[in-house]
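Given only the sequences and the hints, what does the whole structure look like? Please build it.
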Amino acid sequence: MLVPQLINGLTQGSLYALVAVGFVIIFGTLNLVTFAHGEVYMVAAFVGYFALAVYHLPWPLALLAGMVAGAVLGMATEKLAFRPMRSAGHMPPLLITIGLSVILKDLAVIVWGAENRAVPSIYQQTIQVAGVHVSVLQLVILALACALVGVLRLLLHRTRMGRAMRATAQDHEAAYAMGVNINRVFSVAFALASALGGAAGVLVGIYYNTVYATMGSTAGLKGFAACIFGGLTSIPGAILGGLIIGVVENLTVQFMASGYRDVVAFLVMVAVLIVRPQGLLGKTLRSI
Amino acid sequence: MTMNGLRVVLAALMLLSALPVGAAEPIHIALSAPMTGNYAEYGQQFQRSIDLAVEWANAAGGIHGRPIAVVSGDSKGDPKEAAALAQKFTSDKRIVAEIGDFTSSACMAAQPIYERAGMVQLSPTASHPEFAPGSPWSFGIIGTQAGEGPFMAKYAVEKLGKKRIAVLYINNDWGIATKDYFVKAAQGLGAQVVAVESFFEADKDFTGVLTKLRGVKPDALYIPAMYNEGALIEKQREKLGWSDVVVLGPGSLYSPKLLEIGGGAVNGLHTSAVFFPNDPRPDVQKFVKGFEAKYKATPNMFAAIAYDAANLMIETLRKAGTDRQAIREELAKTKDFVGVTGRIAFTSQRDVVKDYRYLVIRDGQFTLYTP
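Just so you know, the sequences run in chain order R and F.
Numbering of the first sequence is given in my numbering, commencing with residue 1 and proceeding in unit increments.
Numbering of the second sequence is given in my numbering, commencing with residue 1 and proceeding in unit increments.
No wet-lab data here; the hints were simulated from the structure.
Be aware that a few hints might be false.
Claimed, not checked - Using 20 Å as the maximum straight-line C-alpha spacing, the simulated DMTMM-like pairs for lysine to aspartate or glutamate come out as follows:
hint : chain 1 : residue 1 : chain 2 : residue 2
1    : F       : K184      : F       : E130
2    : F       : K204      : F       : D219
3    : F       : K294      : F       : D283
4    : F       : K163      : F       : D180
5    : F       : K294      : F       : D92
6    : F       : K80       : F       : D92
7    : F       : K204      : F       : D180
8    : F       : K76       : R       : D106
9    : F       : K204      : R       : E115
10   : F       : K294      : R       : D106
11   : F       : K154      : F       : D355
12   : F       : K76       : R       : E115
13   : F       : K204      : R       : D262
14   : F       : K184      : F       : E201
15   : F       : K159      : F       : D219
16   : F       : K296      : F       : D51
17   : F       : K163      : F       : D219
18   : F       : K296      : R       : E115
Here it is as C-alpha cells:
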C-alpha cells in the first residue's frame, strides 16, 4: 500500500504546489500576500466546470479557459487592491484582498448556489504496474503539474519579461531605475500566479469530480502553508513544500488515521520551520 | 380613468384579495438551519420546503384565519451559531415554536436553551439517538440510528451475505452514532468489522483512506456520510480501480445529487430510504409536483422531511393554538400524522420509528432491492 499512497500524496501535493507557486510569484515580486488567491482558484474551477459539463469542451480547453479566467481575475485583483495602494504599506492591500475573497466566495454562493456541482470524469481507467494499481488520471495530473511548472521556468528565465520580473523581485527601485515597467511586471506576476492557481482549481475539479463555492478557503490555506514551508520566495521550495505536505498527509492516513492528516502535516511544517526559519529552500536574498 | 387612478384601484384590489389571511396578526414560527457554509444546500432545502408548506397553508386560510410567518436564522451548520439563534428565537415573544436544526450537533447545542425557555425544538433531521430523549421540548422525526443502524447491518450481513466489513464514517455526532449502531449490530449478526476509519466534514480527498481500507481486503464497505461525500468516496474508489467490494450507506445517501455527482461509480451502491419522489401516493405527488413547479428541482429526502416537519407543526398549531406549552403537549400526542416520509407517531422519548426500504442503484437509478 506504500506506493499507491505515495502516488496519492504526490498527486495531491502537486495541486497544493501549483497554488503555492502562485503565492511565491506574487510575494516574490510585490513582497505582498494576497488572500484572494483561493477564490481565484475557485472561480477558475467553476469556469472549468462550465466548460466541461455545460459546453462539453475537451478538457485541455477547459483547463485553458480556467487559466485565462484566473489570469484575468488575478490582474483585476492587482489593479483593484494593490496598484492604488502602492504607497500605503502592507495592511490596506491585505485587507482589500481579504474583502475581495469574502465577496467572491459569497457571490459564488449566491450566483452559483451552495451545492456541489458534478464535474465529468476523464481518464477513469487504472493501469497495473508491477502489481500496483495506478490511476491514469493521477499520472495525467502529475504530468500536467510538471509541464506547467516547466513552462513557468522557461517564462522566467528565457524571456525579457521574466528577466524584468526577476529583477523587480530583487529590488523594486533598482529595476525601476533601469527602465523596467514595474506596473506591467506586477500585472504579469498576478496573471501568471493566478493562471497557475486557476489550473490547480480546474484540475482539482476534475480530480475530485466536484466544484463548490467554498472550495477556495482550504486550498488557499494549504497553498499558503506550502509556500511558507518551502521558503516564501523559492519556487522549487514551494513545489517541494506542496509535495511533502501531500505525501505526509497520505502516509499519515495509512499509518495513523485519517483524522490526523492535517495535524501531522502542520506539525512537520512547524518542526521544519523551527530548525529552518527561512523554510526548506528559503534564502535571505529575495528572488523568485 | 387616468393611469394613476387605475393603479389605485389595482392596489386596492390587491389589498382586498390579501385580506382573508393578511388582515390578522401572523403566527410566527422559527427556522434554524445552515443557509451558508458547508451544509448550506441542506439548509436551503429546509427553507424551500417550509416556505412551500407555509405558502399552501396560508392560501388555505392559515391557522384559523391567521397567516403563518417563518422567521429564518442561519446557523451556518455551527453548533455555536445554533445556540445563539436559540437565544434569539426564545427571547422573541412572537415566536411560538422552532423547526431545526440540520445536524445533530447543532440541535444538541441549542437543546438546553429551548428547554430552559420552554419552546418546542422540532428537528427534521437530527437522528442522534440522544437528541430527542435529551429534553422534553425536543422532537425528532427522521428516526434514529438505533433503528437504521441494525437495519443496514441486516442488509449487509443477511441479505448480501457479507462477512468482512469496513466502515468509513464522517467524524461528527451523527457519523459516530451511525457507525456505532451499525458496527454493534453487524458484529451481533456474526460479521467481522475489519477496519473503522473516519474523515472530517469538509474533506474531499478520500484516496488515501480508501487505499488503506483496500489493504485490509473487506468484502463490504459501509459509509455513514452525506450524499456529497458518498459520491466522492465512490468516484475515488472507482478511480483507484477498487472494484471487489460492495458499498452500503444509510439513507443520507439517498439523493438525485448522489447519482449526478457519482455517475457510473455509484452503480451497485446499496442504501435505504423513507421517501421516494416516484411514490404514487397523492400527497407525495402533490408535494413533488409543487416543489418542482416552484423550484425547478426534484425534492430530496431532506426537503421531504422538512416539509413533513412544517406540516406537522402547522397541524399542531391548528389544534393547540399559540401557547408554547400547549404546542408541546399537542405535538407529543401525535400518533397518526401521515407525511410524505411516512407515518409520524412519537414514542415516549419524542422520536419516531421509520419504515425503511432496501434500495440499490442500478443503471444510474435508485431501485428497490430484490435478491
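Looking at the structure, which of the earlier hints fail to hold? Hints 2, 5, 7, 10 and 14 not satisfied by this model.
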